[in-house]
Each structure stands twice: as C-alpha cells, then as structure tokens.
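Chains as they are written, first to last, in this note's numbering: chain Y, 1 to 147; chain B, 1 to 117.
Calculated directly from the structure, the hints in this document are not laboratory data. The C-beta atom is built at its ideal place from N, Cα and C for all residues, glycine as well. A portion of the hints provided could be inaccurate.
So, partial list: chain Y residues that the calculated Cβ filter (under 8 Å) puts toward chain B [said to hold, decoys possible]:
1. Glu-43
2. Ala-45
3. His-46
4. Ile-49
5. Ile-53
6. Arg-65
7. Gly-114
8. Ser-116
9. Ile-117
10. Ala-120
11. Asp-123
12. Glu-124
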Amino acid sequence: MNATAERQMELTLPMVPDIEIAAARAAGNLARELGMASESIDEMAHAMIEACINAREHSGSEDRRIYVRITGTSLGEGNSRIDIWISDHGKGFDPSAARSKRQARNAVHKRGWGLSIIEAHMDEVAITSDAGGTTIHMVKYGKRSES
Amino acid sequence: MTDELRVSADRRGPTGAILYTKGYINNVGGEEIANRAYELMDDGVRSLLLNLRETKIVNSIGISILIEIIEKMIDKGGKIGFCCLTPVIHKTFQIMGLANYASIFTDEETALREMGL
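Here chain B stands alone, though its shape is the one from the complex (with noise of 0.2 Å):
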C-alpha cells in the first residue's frame, strides 16, 4: 500500500557520507535510515547529508528518529544536514523543533559546499 522506504549511501571522504531516502518516513523507515546511518557514524562519518527529495510524506514517529539520530551524532561531536525538503516536510520539521538542531539547505550543492562535503 505505501511507498516502502529506500536508503542509499555515497560516501564523500573518510568522515563525510549522504544517504538518499526514497519513500514514507515512519517508524520503520526512521529505523532503516537510523541503521545506515548508526553504520556510517561506527565507520567514522561525522558529517551526515540526508537528502530528502524522494521522500515526499513523514510522519512525526519517523521524524523522531531522525531526532535520534541526530543527538547520537552530536555526542560523537559531528553534525547532520538536511535538504530538498518539501515545504510541508520542512514546516512539520521546525514544528518539532529538529530545525533547532540540525542545518537545513534547499538544495544539495549549497549543502554540499556549507557541510564542507
């Protein structure tokens, strides 16, 4: 019935990465991106790119785990980006308050080049 989430990595360096999602962020695909990126935190990524302009819908189990994701990158000292949001999905990310702890661009590049990716 939905849009079952995918998730594909590029590495960029030896501490950088960006995974791409495709698909409904909820629980279990907030779970599939925390895996990956948990996998490239424990290989020593520190800057995280999430790219989300497959992903259309999220749910506010979903975005909690990205929440996750982020406070665990913190306290590795590294940080996490997000772009090509769609305009609901960034409102309903500064509704919960992820805008607070995470960087957000419009479009790759500028993520890319802000991330020092």
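Looking at chain Y on its own, in the form it has when it is part of the complex (with noise of 0.2 Å):
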C-alpha cells in the first residue's frame, strides 16, 4: 500500500459562536477531493463540531483560537484518511476522569455527551492534554465514493 500525504490545512479559528462549521466544511472539502464518501465525510463533520464546541465551551483558553490542523492522504485502491488535530491553549483537562463521568451513567443526560459523539464518529482519537492545553487528534478512513 502507497501512503502519500497529499492534502494538508492548517486554519487559526477565533472562538465565536458557528465557528465550527468553518472547521467542518474545511476537513469536508479536503475529504471530498479525496473522493471519500458522504456518509463519512458527514459523521466527521460531526466529530469536528463537537471538538470545537468542546473547546470553545471549555477550554478557558486565554487567547480564544482553535487551532485546526487536517492532512488528507490516499492509501491506494480507493482508500484514504484524514487526519485532524484540533489544539487549544486553555486550561486542559482529564479525559480519563472525563470517560469515568460519562461511563457512570444510566439516564439521559443532557449535556457533557461531546467526546461520546466525536469517538463515535471517528475511526481513531486520541487526547493529549495538561495546563497549557488541549489536541484531540482524530482519524477517519474512507473508501471512494461511487457516486
């Protein structure tokens, strides 16, 4: 298989309300010239959304930007993946204590269900986080549209 890193954005995004539709119609066009399918390019869309929100919501960044990094890359034979880092400078947080928050309920709960959504969604996350901020970094593979 012949991995070649073909697309790569890097946006600065200022911390105001929609501002994640920027970042999610970003990483959807990058992902449609990669041939990639709706239906995945929606459920990252959806990941993104909620990485940003999450950011913009908690982060208590001081500076008020998320910083958003994609790289796009064909793996061959139709295949392809994205990959999306989603950075901020604010206060970070503990994503194992935030797992254990959400894997301890039973009932709908109505807010606190971001990370839910954006594991949901992607193919790969992985959080690093300390005081001086937070990345997420998620993956989505796709295989080329037929359409």
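Using the hints, put the two standalone chains together into the complex.
So this is what it looks like as structure tokens:
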C-alpha cells in the first residue's frame, strides 16, 4: 500500500459562535477532493463540530483561538485517511476522568456528550491535555464514493 | 456563515402538529424549535412530529434542547416523534439516548400513520 499525504491545511479560528461549521466545511472539502464517501464526511463533520465546541466552551483559553490542522492521505485502491488535530491553549482537562464520569451515567443526561459523539463518529481518537492546553487527534478512514 | 435554522409548523387536528426544520440545530436553533414546540403544547398539541428532512447538521447542545422538549411533552402525557433523519443524525440521537424517549421513523408517511396524525 502506497500512502502519500497529498492534502494539508492549517486554520486558526476565533472562538466565536458557529465557527465549528467553518472547520467542518474545510475538512469536508479536503475529504471530498480525496473522494471520501459522503456519510464518512458527515460523521467527520459532526465529530469536528463537537471538538471545536468543547474547545470553545470548556478550554478557558486566553487567546480565544482554535488551532486546526488537517491532512488527507490517499492509501491506494480508493482508500483514504483524514487526520485532524484540534488544539487550544486552555487549561486542559483529564480525559480519563471525563470518560469515567460518562460511564457512570445510566439515564438521559443533557450535556457532556461531545467526547462520546467524537469517539463514535471517528475511527481513531487520541487526546493529549495538560495545563498548557488540549489537542485532540482524530482519524477517519474512507473508501472512495461510488457516485 | 451557517445556515440559520428555520422552523415551520403544520397543525394536524386539535392535538397534533408537524414541525419542519431547515438548517443547523445548535443552541440557537434548538431554542427556536423549543419555542415553537412549547407554543404548540400550550395550544393543546400532544402528538408532535419533528421532520428533520432539511437539517443535515446537529450538535450536542441542540440535541440536549430537543431532549428537554421530549421531557416536557412526556410530562404533559404526550408524545414526540422524529422522521427523515440523515444516518449520522440518527446515530448521534442514539448515542445521546434520545432514541429511548422518542420514536424515530424513516419517513413522514410512516410517522403520521404510527403517531395517528
């Protein structure tokens, strides 16, 4: 399998309402160029939206910026891979504590579902977080759309 | 930058209604749906179908507001259904548990029949 990173994009976005849509559209355009199927793009968009909302709502960053890096790689035979890093310079959080809190739920809870949605819609998710900020690295694999 | 949510209502008899949404269901869009839904509930609607055919993006804050609408309707002894969801929105509803408290239908015709609208 011959993997070539052929698309790359970096965005610095202000933490303003609905900025998550700009990030999701940018990633969607890049994925479409690689021929990724629309349902995979849709899943990736929803994950990005939640990641950007988490950064905006919870990071407490002083610079009020979201840093987005997206790379697209053709894996051959119509397969592709999109890597997305969403970072903030906020106060950080403990991902394992967030996961434990989520697993303790046994009823409908209205808020705090962002991480669950991200993990359900993406193929790989890794979070690094400390007092200097948080980066969430998400990967989506796709097959070329038939249409 | 975004497609601002638009909501339109179609009354179906004294106790039924359909709400059609178009655009992004975020916090603002969710509140818009809630306002329309609560007006209908105050006017006696107890069977409410939300047709999301023209909504392609939701976020968890918007869905949390939809859950509040469901809870209020259940408190009033009514029911809420959803139809015409994209596969990803359907999956997101299931993740957040919304599917446990409201019926989800593939198309409007089925929803209307099953909900007696």
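Review point. Hint by hint, which ones does the structure fall short of?
Key: Result: hints 6, 11 and 12 break, sorted rising.
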